[in-house]
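> Residue numbers (my numbering), protein chains in the order written: chain C, 1 to 236; chain H, 1 to 364; chain F, 1 to 364; chain P, 1 to 224; chain W, 1 to 224.
Hints listed in this document are in silico derivations from the structure and should not be mistaken for laboratory results.
Incorrect hints may appear among the rest.
Said to hold, decoys possible - Below 30 Å or equal to it, Euclidean Cα-Cα: the simulated DSSO-like pairs (lysine-lysine) are:
#1 H:Lys132 - W:Lys39
#2 H:Lys132 - F:Lys130
#3 F:Lys26 - F:Lys183
Stated by the list, open to error - Computed Cβ-Cβ distance ranges for the label pairs, DEER-style:
#4 W:Glu130 - C:Asn92: 35 to 43 Å
#5 C:Glu142 - W:Phe187: 53 to 61 Å
#6 P:Ser88 - C:Gln189: 43 to 51 Å
#7 W:Ile201 - F:Lys53: 52 to 60 Å
#8 H:Gly63 - F:Glu305: 37 to 45 Å
#9 W:Phe187 - P:Leu7: 56 to 64 Å
#10 P:Val198 - W:Trp3: 15 to 23 Å
#11 H:Lys130 - F:Ser184: 43 to 51 Å
Said to hold, decoys possible - One-sided and incomplete, this derived list gives chain H residues near chain P with beta-carbon spacing under 7 Å:
#12 Ile82
#13 Gly90
#14 Leu102
#15 Gly104
Using N, Cα and C, we set each Cβ at its ideal position, and we do this for glycine too.
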Amino acid sequence: ADSPAIAAAANVRFALHAIAQQFTQETHLTIRPSYGSSGQLTQQILNGAPFEIFISADSHYPLLLEEAEKTQGRLVVYAIGRLAIIKSRDSNLLLDAKLQGLSQALTNNQIARFAIATPAHAPYGLRAKDALIQQQLWKPIENKLIYGENVAQAAQFALSNSAQGGIVALSLVKAPAFHEHGEFSIIDQGLHQPLLQSMVLTSTAGATAKHFFQYLQSDTARDIFVQYGFDLPRQD
Amino acid sequence: MTEDNGLHCSINIQSPISLTADLHCKAGDILAVLGPSGAGKSTLLKTLAGLIKPVSGIISVGGKQWSNINSAIHLSPQQRHIGYVPQHFGLFEHLSTIDNILIGLKHLPKSDRQRQANKWLHLVDLLPQKHKRPNQLSGGQRQRVALARALAREPSVLLLDEPFSAVDNQTREMLHIALLKLKSEIRCPVVMVTHNHQEAMLLADNILIVDAGKTVQQGTVSELLQSPKSIAVARQLGINNIFPVTVTDHNVSQQLTWFSLAGSTVCTADILPRTIGDTVMCLLPHDANIHRHLDEVESNHTHFELQLISSYELHNRTQILGFIAGTPTALRLEINRKLPSTASSSSIYVSIPATEIRLITEFE
Amino acid sequence: MTEDNGLHCSINIQSPISLTADLHCKAGDILAVLGPSGAGKSTLLKTLAGLIKPVSGIISVGGKQWSNINSAIHLSPQQRHIGYVPQHFGLFEHLSTIDNILIGLKHLPKSDRQRQANKWLHLVDLLPQKHKRPNQLSGGQRQRVALARALAREPSVLLLDEPFSAVDNQTREMLHIALLKLKSEIRCPVVMVTHNHQEAMLLADNILIVDAGKTVQQGTVSELLQSPKSIAVARQLGINNIFPVTVTDHNVSQQLTWFSLAGSTVCTADILPRTIGDTVMCLLPHDANIHRHLDEVESNHTHFELQLISSYELHNRTQILGFIAGTPTALRLEINRKLPSTASSSSIYVSIPATEIRLITEFE
Amino acid sequence: MDWQALLLSIKLSLVTTILLIPLAIITARVLAFRNFAGKHWLEALLMTPLILPPTVIGYYLLVGLGQQSWLGQTLQSLTGQPLVFHFSGLVLASLLINIPFALQPIQRAFESIPEDVRDASACCGLTFWESLLKVELPLVWPGIVTAIVLCFSHVLGEFGVVLMIGGNIEGETKTLSIAIYDSVQAFDFQSAGRMSFVLLIFAVSTLAISSHFARKMGVQHDRR
Amino acid sequence: MDWQALLLSIKLSLVTTILLIPLAIITARVLAFRNFAGKHWLEALLMTPLILPPTVIGYYLLVGLGQQSWLGQTLQSLTGQPLVFHFSGLVLASLLINIPFALQPIQRAFESIPEDVRDASACCGLTFWESLLKVELPLVWPGIVTAIVLCFSHVLGEFGVVLMIGGNIEGETKTLSIAIYDSVQAFDFQSAGRMSFVLLIFAVSTLAISSHFARKMGVQHDRR
Ligand SMILES: Nc1ncnc2c1ncn2[C@@H]1O[C@H](COP(=O)(O)OP(=O)(O)OP(=O)(O)O)[C@@H](O)[C@H]1O
Ligand SMILES: Nc1ncnc2c1ncn2[C@@H]1O[C@H](COP(=O)(O)OP(=O)(O)OP(=O)(O)O)[C@@H](O)[C@H]1O
Ligand code: MOO
Ligand SMILES: [Mg+2]
Ligand SMILES: [Mg+2]
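Take the sequences, apply the hints, and build the full model.
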């Protein structure tokens with residue numbers, strides 16, 4: 001059978017990996033996920049990239065695809081993302097849900113570099129910016145920011161300890177690989193706009209893709225999303 | 001003009017230098033090209049090879065036109081089937097000696113090539129160097145590879161640019177004999193640039209003098225020696241003792257001309273009419289008499305003092321190089337005995353029978 | 001050995017070829033190096049220049065050691081202050097003719113350099129080409145740039161590798177005179193590789209023969225001509241008529257030796273004792289008598305038939321090249337009259353007084 | 001270790017090199033030996049990919065060949081598939097980017113064949129093809145090896161353009177370069193390290209082999 | 001148009017080229033003229049950055065210079081700032097990556113100086129420095145120009161390593177190559193197009209100028 005290429009926002013990387021494994025076990029069908037920032041992937045699909053499902057970090061980019069008539073069926077909100085502030089084990093930044101430790105460290109000039117995803121095309125970057133603005137930290141931190149090309153790269157920068165910390169997706173932090181290197185704290189939901197993560201079938205989607213699209217909405221998948229720190233949308 | 005099976009050439013080129021050339025060479029003949037350094041000899045050879053395109057004129061070989069600019073004919077070097085030894089050899093550095101020769105033998109059946117190549121390597125005495133690359137060869141060895149490569153092609157015209165300039169006397173003699181033997185075998189026109197007039201005279205049936213981008217004179221050795229068109233021609237033929245003198249008197253009926261040489265007035269037989277005050281070329285023979293003292297000189301001989309520069313004995317004859325005392329005119333003399341011992345390092349007296357002095361008018 | 005201010009060299013090198021060399025040259029003298037192509041002449045010169053390091057031996061100039069491998073002395077070419085003309089010129093392609101010369105004049109005050117460079121360019125007759133780059137020059141012009149560059153340095157030793165090989169007769173004569181004049185001025189040892197024995201004899205005070213990676217013999221022209229150590233030496237000196245013969249009889253008391261030459265038995269005076277059956281070298285003079293018919297030959301003359309290869313007349317003498325009929329032995333003869341006309345293209349008879357035939361033993 | 005990515009990278013490098021080198025040899029020879037009007041402009045044009053950042057080239061390819069462009073749509077309707085985000089698109093991009101890397105060393109090598117040698121080859125009666133095969137190619141061989149190594153390795157390492165017009169679709173456009181980048185982002189330093197190490201070994205052995213070849217078959221141009 | 005990114009890219013290119021070329025000239029000369037044990041290994045080692053994908057180099061730099069490494073910590077305590085995510089880190093990376101681009105053309109050029117000419121230069125009494133300045137450098141000049149153009153342009157276009165170790169900090173590590181990539185991802189085709197166009201013009205004029213220089217000062221090696 002065919003093995004559809006699937007474009008997925010970087011933040012769902014570990015969750016999707018677990019779901020795909022389960023899917024393959026149950027159906028003996030495989031998928032080929034590619035990860036990037038939601039904006040980058042949208043761009044690629046618009047220019048003809050042969051992805052059959054687009055799993056975004058928000059709903060804005062899937063809507064763009066719908067407008068461009070690159071989709072079949074409507075978009076589906078599959079999870080609600082959460083932000084986390086992280087640091088490597090060697091950094092002595094204090095982590096908390098209201099970013100007070102960060103604020104403290106900034107006043108004490110203890111922050112040289114701080115990582116977020118690029119707001120230009122990564123929704124998690126945009127929401128991280130929201131949170132920093134909300135806590136009046138944007139001005140002092142702006143020239144210390146390093147931007148990951150997507151949220152996963154931002155996390156990797158923060159973990160390298162070359163940056164003292166970063167704001168990334170909670171779903172990345174839940175991965176076992178992260179625990180070897182870093183620590184985190186969930187950020188208060190009130191500090192940013194909600195991340196209503198949607199997915200959509202593209203116009204080239206085939207049977208396997210459609211099957212997987214359904215599977216992503218199954219209970220098995222929803223359980224896995226929760227394991228990886230996502231909130232779930234109300235089921236209609 | 002193109003009835004026989006020789007090489008005829010009457011061309012004009014403009015780039016890289018301007019050169020006007022008229023020459024012909026019968027099949028089986030060797031035409032030696034002599035001329036001062038920078039005269040355009042190599043350029044002429046390249047044009048014959050088809051590497052330089054003339055702006056006008058005709059080159060034909062055996063009645064076939066190789067170049068005729070008016071008729072837009074210009075055969076490529078490949079089409080001319082020539083053998084060419086460039087002045088700087090142009091060896092293929094990536095090929096062994098034998099492969100350098102084999103590469104030019106396409107016209108032979110495959111089975112014969114190896115034999116032919118070995119034959120020519122043997123001829124130029126390079127069999128032991130057969131598998132060396134050019135950069136492992138000495139200057140003379142490199143030159144011989146280039147020579148063998150050209151000869152082995154059994155070409156329709158052989159073009160040699162100073163082909164023996166880098167080899168020693170012994171090797172050269174060997175190669176001379178090889179070339180002379182070959183010439184009757186291959187029966188193609190051979191044009192050979194050389195700067196050795198003895199070599200030219202020994203090998204060539206005809207000599208062509210090139211000077212300052214022009215072919216000045218072509219003829220047999222004796223034709224050229226008899227009436228060289230200019231000092232340059234005479235010099236190229238190894239006539240060293242030639243210099244301008246001024247006519248002081250002339251007697252038409254007796255065919256005598258007087259001129260002054262090294263302070264004294266000399267009278268010599270001279271069939272051409274001269275005007276007093278004219279500059280003519282005086283040609284002294286190489287044979288001369290050498291004296292320790294002035295009083296030994298015979299009366300009808302012209303004599304002058306010679307400031308010796310150098311001398312050596314070879315084959316029972318003494319070669320002498322010196323200045324006419326008090327002038328910058330150098331003479332080269334040859335006497336058939338040893339130099340008088342007292343004179344070995346300073347001045348001696350030279351006498352020459354006035355009848356052996358010739359005067360020629362420089363044509364251009 | 002190093003008391004005078006000349007060049008002394010006794011060395012052994014191993015790479016790129018193995019070469020053993022013993023030579024000396026007084027200041028103000030010219031030592032000509034002759035030898036077959038590939039003998040190691042250029043390699044020897046490079047070693048003197050300091051470009052190749054000997055494995056053992058000493059080079060000293062004016063009492064100063066340039067190389068003494070035992071004492072770990074090995075001056076760099078820069079420290080030797082030499083003038084060197086490489087066989088392939090080694091011009092700086094990016095510099096004009098004059099700049100090629102100026103670059104070697106560091107030892108002069110800045111203000112003098114231009115004058116000096118112009119002086120030498122004038123001497124080699126290249127002033128008009130002053131601003132040309134090497135790739136715009138002819139072969140001979142390139143060589144003269146290299147020569148001027150070396151001379152202009154006023155070196156402590158002058159090393160010339162076939163410095164006149166690419167120039168015409170006229171230019172060469174001019175350069176010969178320049179070099180001879182210069183030699184007394186600069187008073188440094190001059191080592192000159194050449195493959196022209198006449199040039200060597202004309203210019204050199206001493207001649208060194210190199211053969212197969214060894215210096216074979218050094219001496220004055222007459223020393224070498226009198227007793228060449230081997231055929232190779234004799235050939236390099238322009239003694240062409242030399243070939244092996246077998247002793248058929250010998251009379252010690254009368255000092256006579258018989259041998260067979262071209263079918264007939266010849267008797268010649270010979271002071272050395274010979275054994276019948278020995279191979280010795282027979283040396284025929286260049287002077288010979290030429291006859292149309294056998295009956296013209298004088299009785300005490302050795303005679304044989306000569307198959308003519310080529311001949312030419314120059315300076316009232318005829319140069320002849322031919323084979324002893326029925327043998328592959330080539331002779332070069334010189335007679336002081338024209339060739340008999342009937343003989344112009346086939347066989348003639350040659351006679352030589354038996355007294356003029358010399359026998360020598362080849363040493364090695 | 002992502003073997004698929006490694007294979008894809010090698011395939012891309014091979015295809016590019018094999019397609020490009022013969023074209024480069026022909027073009028280099030023309031540029032080295034012939035003079036024609038506009039030659040300097042052509043030379044400059046062929047050099048531009050060298051100076052342009054790969055993302056600029058990626059941008060122009062995306063705009064020119066993407067589905068939003070007229071050319072991209074025409075090509076897609078002709079070939080049935082889009083060029084961008086497809087292996088053929090990567091090949092096209094690699095070809096374009098590597099023109100100077102293939103051309104330059106070979107052209108320099110042709111130019112350094114002395115006139116004497118070319119004259120001699122013509123006068124030995126060698127036809128165009130014989131001269132090319134038996135004289136010129138052996139003499140320019142070191143230049144060709146350099147070109148091959150440059151192209152091959154440059155394609156192997158290309159990242160910007162691939163990311164821009166290739167995405168990183170497994171088995172299609174996900175080259176090793178991108179796979180390593182991806183692993184690092186997945187905090188999978190182990191596979192990143194392993195892949196890097198394999199490539200390091202590969203690089204060193206490729207170099208050893210190619211320099212051996214160049215030395216064996218090449219000729220030191222010696223002016224003797 | 002991101003002028004800051006353009007300036008940063010040019011600055012990085014200049015710094016790298018200026019630091020690297022003199023080192024390359026010295027090293028190339030040694031490699032061309034001297035023989036020593038392990039020379040072939042050294043040559044292979046110096047070539048590896050050519051064959052390794054930039055992401056591999058980026059990975060090793062990240063691991064080697066990052067703050068979790070011993071080297072990275074030492075360097076940081078010495079210089080007071082981390083090398084990664086900083087301009088100095090980019091310079092270091094660029095230097096490393098461009099070694100072969102700087103070295104190769106210059107070494108080839110040195111190697112093609114005929115032995116005769118070097119002999120003549122020694123015999124003209126030129127000291128090491130005089131010979132280098134008056135004879136060798138003019139003769140290898142075309143090789144140096146090639147090296148400069150290669151390095152400059154290669155740094156200008158470098159993307160993978162920068163992305164991997166530099167992030168894209170504005171005015172610090174966000175080079176033009178990354179700025180263009182970013183604009184395209186952010187649907188900002190207008191600025192991407194503008195930046196690409198500026199670079200295209202820049203590339204063509206750089207080429208015109210450098211080829212003019214190479215032609216004017218260079219020498220056709222002619223074997224006459
Ligand atoms: N690099 C090398 N490798 C191997 N053999 C070499 C090398 N260089 C020179 N030779 C050999 O060394 C010998 C001597 O060379 P050299 O150049 O000294 O000869 P030469 O006497 O100057 O000859 P010529 O008169 O032809 O110039 C030659 O036989 C040559 O083949
Ligand atoms: N590319 C060029 N540009 C300018 N002048 C040139 C060029 N090539 C040759 N010449 C000039 O043309 C003239 C003739 O050169 P050519 O090589 O034919 O001389 P030649 O008679 O063979 O001399 P030689 O005996 O020294 O080899 C020379 O004066 C030389 O300076
Ligand atoms: O689209 Mo992302 O997951 O914010 O890089
Ligand atoms: Mg010439
Ligand atoms: Mg030699």
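> Please go over all the hints and tell whether each is borne out by the structure.
Evaluated hints:
1. H:Lys132 - W:Lys39: Roughly 26 Å between the alpha carbons, so the hint for Lys132 of chain H and Lys39 of chain W holds.
2. H:Lys132 - F:Lys130: Given that 30 Å is the threshold and the Cα spacing comes to 39 Å, the pair is violated.
3. F:Lys26 - F:Lys183: holds, 11 Å
4. W:Glu130 - C:Asn92: 35 to 43 Å: violated, 59 Å
5. C:Glu142 - W:Phe187: 53 to 61 Å: violated, 23 Å
6. P:Ser88 - C:Gln189: 43 to 51 Å: Because 46 Å falls inside the window, the suggested range holds.
7. W:Ile201 - F:Lys53: 52 to 60 Å: holds, 56 Å
8. H:Gly63 - F:Glu305: 37 to 45 Å: Since Gly63 of chain H and Glu305 of chain F have Cβ atoms about 40 Å apart, the given range 37 to 45 Å holds.
9. W:Phe187 - P:Leu7: 56 to 64 Å: Once the Cβ atoms are compared, 34 Å apart, the range 56 to 64 Å for Leu7 of chain P and Phe187 of chain W is violated.
10. P:Val198 - W:Trp3: 15 to 23 Å: violated, 41 Å
11. H:Lys130 - F:Ser184: 43 to 51 Å: Holds - the Cβ-Cβ distance for Lys130 of chain H and Ser184 of chain F, about 47 Å, lies within 43 to 51 Å.
12. Ile82: holds, 6 Å
13. Gly90: holds, 3 Å
14. Leu102: Violated, about 10 Å.
15. Gly104: holds, 4 Å
Hints 2, 4, 5, 9, 10, 14 from the list above are not met by this structure, while the remaining hints are.
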